[in-house]
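Asks: Top to bottom, those sequences are chains A and B. Letter 136 of the first sequence, counting from 1, is numbered 136 in full-length UniProt numbering, and no numbers are missing. Letter 224 of the second sequence, counting from 1, is numbered 224 in full-length UniProt numbering, and no numbers are missing.
Errors might be hidden in some of the hints.
What the hints assert, rightly or not - Not everything, but these chain B residues come out facing chain A in the computed CB check (under 7 Å):
no. : residue
1   : S67
2   : T71
3   : P150
4   : H172
5   : R281
6   : V296
7   : E298
8   : M305
9   : L307
Said to hold, decoys possible - Negatives, chain B to chain A, calculated, CB over 10 Å:
no. : residue
10  : I52
11  : R94
12  : L105
13  : Y111
14  : P130
15  : V134
16  : D148
17  : R278
Simulated from the structure, these hints should not be mistaken for lab results. Just so it is clear, the structure is predicted and the values come from calculations on it, not from any experiment. Yeah, the Cβ is synthetic: ideal placement off N, Cα and C, and Gly gets one too.
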Amino acid sequence: MAFIHLNSALAFTVIPLEIWDCPGDIALETLKAETPLSQFAALIFVVDIQDLYQPTITKMVETIVSLYQENPDIDLEVFVHKSDVLSEEYKIENFRHLQQRVMDELMYIGNEYEQLPINFQLTSIYDHSLHDAFSRVMHKLIDCLPYLEDLLNVFCSNSQSSKAFLFDINSRLYVATDASPVDPPTHNLCNDYLQMLNAFGPLYKSITATSPSAPRAALPSVTPAPSRSRTTSLPGSTGSRPLSTKPLFYPSASTSLASSTAGAGAGTTLTYHLITPHLALLALIPTTVFEARRGLVEYNVVFFREGVQEICQVEEEARRVVQT
Amino acid sequence: MKKKVLLMGASGSGKTSMRSLIFSNNPASLTARLGATIDVEQNHVRFLGDLILNLWDCGGQDAFMDSYLSTQQSTIFQHVGVLIYVFEVESRNREKDLEYYRNCLDALRRYSPDASIFLLVHKMDLARPPREQVLERKAEELRQVSGDVPVTVYGTTIHDESLYKAWSGIVHTLIPNASVLSRHLAILAHACSATEVILFERTTFLVIATSNPPAAPSFSAPPLITSTPSSSFTSNGFTSTSTSTSTRTTSTATVTSQHAVNVPEPRENDPHQLAPTRYERTSELIKAFKYSCSRVREEFHALEMELGEFTAVLDELTRNTYVLIVVHDPTIETAALRMNIRLARQKFEELQGDSLIS
Ligand SMILES: Nc1nc2c(ncn2[C@@H]2O[C@H](COP(=O)(O)OP(=O)(O)OP(=O)(O)O)[C@@H](O)[C@H]2O)c(=O)[nH]1
Ligand SMILES: Nc1nc2c(ncn2[C@@H]2O[C@H](COP(=O)(O)OP(=O)(O)O)[C@@H](O)[C@H]2O)c(=O)[nH]1
Ligand SMILES: [Mg+2]
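Same shape as in the complex, but just chain B (with noise of 0.2 Å):
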C-alpha cells in the first residue's frame, strides 16, 4: 500500500531538515548545509512491511510554489493521503505564507478530499517565551484560516522531541490495523508483567503503537483511514472505544514544545504517572545513539538495562520493527523478556503481514 505525503511550506522553513533528522538519521546540527529545495524531491520510504511512503517534498521558493498551483497542480494534489503544512513560528512573511496555504487548501478540496492535514508550527526553539502561548495563537490562527477543513497542529522543533512526537502522530494515522497492533501488545505486556510496551518502526523509530490505548489527543485514532473502529485494551485490562469520527470536528492543537508546561494526562488507571513525553524522547535517545553508533561504523542493535527506577529490553521485534518492554517489578529478568520477545515475533510478522490487506 503506498500513501502520498505532501510536505509543504514556505522556503527555509524546515522541511527537509525534518525529513533529514526523521527518515535520514542525521543529526540537527548536519541541517545548517542543507540547501534549498529544487522543486519536487520524491522519496520512497518503506515503513512497516509494505506501507510505502511516497514522501513529495516540495521546495517552498515562490516560483515554485506558483507553479504548484497553476501548471503541477494535479500532478501536486493527486492521490494524496497526507499533507504535512509547515510554518516557521517567527515568519516574516505571515500573510504571504497564509495565502499560499489558503490555495493549496484549495486545491487539496478539488483533487484530494479525503487527505487528512497536519499543520507544523516549527522552529519553536526560536519563539519567544511564554512559547505555549505563542503556539496557541499561532494554532487558533491557522485554525480560522483553515475553516471548517479539520486540521491537527503541532509545534515543532528539531532539536528536541517534538518532532518525533508529530511524526508519531502522523504515522499513526496511516498504520491501518493500528488498534489492533496495540491490542496485541497489551497481551505481550501482560505476559511479561509490564508497565508497558512500545512499538517503534525500525529505520525512524518513529511510535507506531503502545500497549496503552491512546490517550494524548494526537494518538486519537485516524479521522479518515481507520478501516476497524475496534475497542482496544490497556494492560490492567480497561476497555475503551477509540474514537473514529468525533476527532473530525475538532482540531487539536498540542503543545510538544520542550518548555511547554506538560500537564500530566490525567488517567485514573495509570499509577506509575511516567513522564508524559517518554515515547518521543525515547525516539529522540535512540535516533541520537543510533547516530553516535554509525559515526564509529557500528550499527545498533539491542539495548537491556536494569536501572534503578526500571527494567526494560529494547530488541527487535520484526524486519520492520522495535519492541521497547518496559517493567517495573524487580523480580523480573531481562532474559525472560528476551525471551517473551522472541516468541512473540511470528505473531507479530502475522500481524504486520494482514495490515497489508485492508
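The shape of chain A in the complex, shown without the other chains (with noise of 0.2 Å):
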C-alpha cells in the first residue's frame, strides 16, 4: 500500500501541511487503518475532466460521503484536472455537467446530502490554476488568515498597490491576498515572476563573495530591521562602510512593466520583498507611485513586515504549546 506523506516538500511557516497522496484505487478502509480519519482537514478528490463517466463519478461521491460521515468537519474539494486538453467552451460545459451529475448522485444517495459543501476548481498543471486552487484550499486551514488579509489590505491602500499576495517562496502558492478578486492572469504573472526570481539566485550565485546578512532560516526577532540601509555608494569608490551594525538583509526585486494597450505613464511594477524566510509579498504598485515614492513603499514593507512576524511567531508558539 503506497501512501505517499508529502509534508517536507512543502515547508510552510504558517501552517505545517501534511499531504497524503492516495492511490486511486484507494478503499477508504485502508486509509482508516494508517490513521484515524478525523485527522485529515480537507480532502482534495482529483477528477479527470474528460473521464466523466458514470462509474467514476459514483465512485467519486461515495467516497466523499463516507469521509464525510466520519468527518463533518472536513473541507472536501474536487479538483477538475487537466482541463488544459479541452477547448475554453468544452471546458466550462464539462465542469458544469460534472457538478451536476454529483448533484444528482448526492441526491439519490439521501435528501441529506443535497447541501454538501463540496467546492469544485478547474485546474492543470500547464498554467497556475493547480497553484491557485490548492493556494485556496490551504485558506481555509490557516487560522491566521484574517490578520494576515488585514495587514495586507492596508498594505495595499498605503502603497497604491491594485493586488498584493503573501507567497511561500519554495511551493509558490499564496498564504493570503487582500481583498480585491483574484484575476488568474494576475495570478500567473505574479506566479512567473517569482519563479524567475527563485531560478535567478542560484545562477551568479559566487562561490567566494559573502552574502549580506540574510535573515536566518529560524524566524528571525522581531526587531525594526528595515532593508538595506540606503547610503548611496559611487560606482567604482571602495566603500569603507562599517559592517558591524549591518541591519538584517532582506532580498527585494522589482520590474517595470509597460502597459501595450494602456498609453505612455501607465507602467506598472511588480514588487517583491522577503518578509521571512519563506515567505515573500508581492505586489502590483502603478510605476509612477513607485518611482517617485519608493521609500514609502519600503517603508510600509517594513511594517508589514513585522506585522507577518508577529503573527509568525504567536502561531509557532501556539504550536509549541500544543506539541508539549
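Build the complex: two chains, separate frames, hints provided.
Replies: Here is the structure:
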C-alpha cells in the first residue's frame, strides 16, 4: 500500500501541511487503518475532466460521502484536472456537467446530502490554476488568515497597490492576498515572476563573495529591520562602510512593465520583498507611484513584515504549546 | 549589412520551432501546432542596428529538398553567410538525413565557400541517457561526414536553455565588432565594481557579448567574419587574444543538454565560479517572463534584484540591446548601477553605429 507523505516538500511557516497522496483505487478502510479519518482537514479528490463516466462519479461521490460521515468538519474539494486538454467552451461545459452529475448522485443517496459543501475547481499543471486552487484550499486551514489579509489590505491602500500576494516561496502557493478579487492572469504573472527570481539566485551565486546577512532560516526576532540601509555608494568607490552595525538583509526585487494597450505612463511595477525566510510579498504598484515614493513603499513593507513576523511567532508558540 | 542564414534539415526536425522560440517569443508548448513548412519561408530579422538576418527556413520534405538541390540550387545556396543544419538526435532516417546534408555541403562549397556551418543535434530531450555520450557520438559522425569542412556542433532542445547557447554562439560570429563591445563592457563592469556585464539583443535576448572574454569554445572568435582580431580585456585587466585562426581547423562539440555533466570551465582568474550555463539560462528565463507579461498585455521593461546571492540590474542599453550588470559587492546600490547604464548609453549607441561600417 503506497501512501506518499509530502510534508517536507512544502515547508510552510504559517501552517505545517501534511499531504497524503493516495492511489486511485484506495478503499477508505485501508486509509482508516493507517490513521483516524478525523485527522484529515481536507479531502482533495482529483478527477480527469475527460473521464466523466458514471462509475467514476459514483465512486467519487461514495468516497466523499463516507469520509464526510466520519468527519463532518472536513473540507471537501474536487479538482477537475487536465483542463488544458479541452477548449474553453468544452471545458466550462464539462465542468458544469460534472457538478450537476455529482449533485444528482448526492440527491440519490439521500436528501440530507444535497447541500453537502463541495468546492469544485478547474485545474491543470500547464498553467498556474493548480497553484491557485491549492492556495484556496490552504486558506481554509490557516487560522490567522484574517490577520494576514488585514495587513495586506493596509499595505495595498497605503502603497496604492492594486493587488498583493503573500507567497510561500518554494511551493509558490499564496498564503494570503488582499481583499480585491484574484484575477487568474495577474496571479499567473506573479507566480511566473517568483519562479524567475527563484531561478536567478543560484545562477549568479558566487562561491567566494560574502552574501549580506540574510535572515536566518529560523524565524528572526521581531526587531524593526529596515531593508539594507540606503547609503548611496558611488560606483567604483571602495566603500569603507562599517559592517558591524549592518541590519538584517532582506532580498528584494522589482520589475517595471509597460502596458501595451494603455498609453504611456500607465506602467506597472511588480515588487518582491522577502518577509520571512519562507514568505515573500509580491505587489503590483503603478510605476509612477513606485518611482516617486519608493521610500514610502519600503517603509510600508517594513511595517508589513513586522506584522507578519509577529503573527508567525504567535502561531509558532501556540504550536509548541500544543505539542508539549 | 545583411546576412543570409539558411536553416535546413529534415522535415519535423524542429527548424520552425526554434525560429518561433527565438525570434517570436513563443513558448515551447505552442510549437506542437506548427505545420510542415511549405517551400521556403523568408524572414528579415533586424538584429542590432543595421545587421539584418535574412533567415531562410527551408521546409524539409523530400520534394522540397530535391528541388533545392536541383533547379533552385543557385537561388538557395548563393550569398549564404551561415548554414544551420538541424538533425534530430533520434532520427528514423539517419542515412537519408546524411545524404541530403552531404549534397547541401557540396552545393554550398560551389556557391558560398566562405559560409560558416553550424550543426544542431536537436531534440536532445528525447535522447536516451547518457545524453552527453549520445551527443558526442553523433557529433563525431557528423564531423566525419563533413570531411575537411569546419563545422561547429551543438546539442539542443526547445525545452531548455541549450537552444539559447547555440543561437547566441551563432549570432556572435555575425557581429563584426564583438570584441570591441566586449572591451567596453569590461570598462563598464569596472566602473560598477561589477563581477560581470552581459549584453543581450533586445527581442531575442540572445547574448551578444560579455565583459569576460569568451572562454567556451562556442564563443571563440568567428572563424571567417572577424575583421579585427584584437585582444579583449577581462574585468580583472587580464588580456587574452581571441583566436581567429585556430578555430578554423578544429570543430567543436558543445555538450549543452541540461543533463550533461557540465565541467566548469577552468578559469584561474575567476574567483566567483558562477554557473557555467548562466548566460543561456538568463536568456531563457527572461524570454519566459517576457511571454508571461505578453499574456497580460504588458511589456517587460526592466528588472532590478537585490537577492541574497548578488545584486543586479537588467535594463535597456541601446535601442537594440539590454544590459545585465551583476555585482557581488553588497555595498553597491542598484541606483548607482542604473546611473552608470544611463551614462553608458551614448557610448554604446556610437559603438553600434560603428559596427555597420566595418
Ligand atoms: N521533444 C521535442 N520536440 C521538438 C523539439 N523541437 C521541435 N519539436 C517538435 O517537433 C515537431 C516539428 O517541428 P517543426 O519546427 O515544425 O519542424 P520543421 O523542421 O520546421 O519541419 P519542416 O517545416 O517540415 O521542415 C513539432 O511538433 C515540435 O513541437 C525538441 O527540442 N524536443
Ligand atoms: N494534459 C494534462 N496532463 C496531465 C496533467 N496533469 C497530469 N497529467 C498527466 O497525467 C498522467 C498521470 O499523472 P499522475 O500524477 O501520475 O496521476 P496519478 O495516478 O493520479 O498520481 C501523467 O502522464 C501526467 O503527465 C494536466 O494538467 N494536463
Ligand atoms: Mg518548418
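Asks: Regarding the assertion that R278/B does not contact chain A, is the least Cβ-Cβ distance greater than 10 Å?
Replies: violated (5 Å)
Asks: Does the interface hint hold: is T71/B within less than 7 Å of chain A, judged Cβ to Cβ?
Replies: violated (43 Å)
Asks: If we take the beta carbon of V134/B, is the closest beta carbon in chain A still more than 10 Å away?
Replies: It holds; V134/B is separated from chain A by about 26 Å at its closest Cβ, greater than 10 Å.
Asks: Using Cβ atoms and 10 Å as the threshold, tell me whether D148/B really stays out of contact range of chain A.
Replies: holds (39 Å)
Asks: Does the CB of L307/B sit less than 7 Å away from some CB of chain A?
Replies: holds (5 Å)
Asks: Answer holds if the nearest beta-carbon of chain A is closer than 7 Å to that of V296/B; otherwise answer violated.
Replies: holds (5 Å)
Asks: Go through the hint on H172/B and say holds or violated, using the shortest Cβ distance to chain A against 7 Å.
Replies: violated (20 Å)
Asks: Would you check whether the claim that R94/B is not at the interface survives, using Cβ distances to chain A and the 10 Å cut-off?
Replies: holds (33 Å)
Asks: For I52/B, is the shortest CB-to-CB distance to chain A above 10 Å, so the non-interface label stands?
Replies: I52/B clear of chain A: closest Cβ-Cβ about 25 Å, beyond 10 Å.
Asks: Classify the hint on E298/B as holds or violated, based on whether any CB of chain A lies nearer than 7 Å to its CB.
Replies: At about 4 Å, which falls below the 7 Å cut-off, the nearest Cβ of chain A leaves the hint on E298/B intact, so it holds.
Asks: A cut-off of 10 Å on Cβ-Cβ distance, and Y111/B was said to be off the interface with chain A. Does that hold?
Replies: Given a closest Cβ separation of 42 Å, the condition holds.
Asks: Minimum Cβ distance from M305/B to chain A below 7 Å?
Replies: holds (4 Å)
Hint compliance for this structure: hints 1, 2, 3, 4, 17 are not met, and every other hint is.
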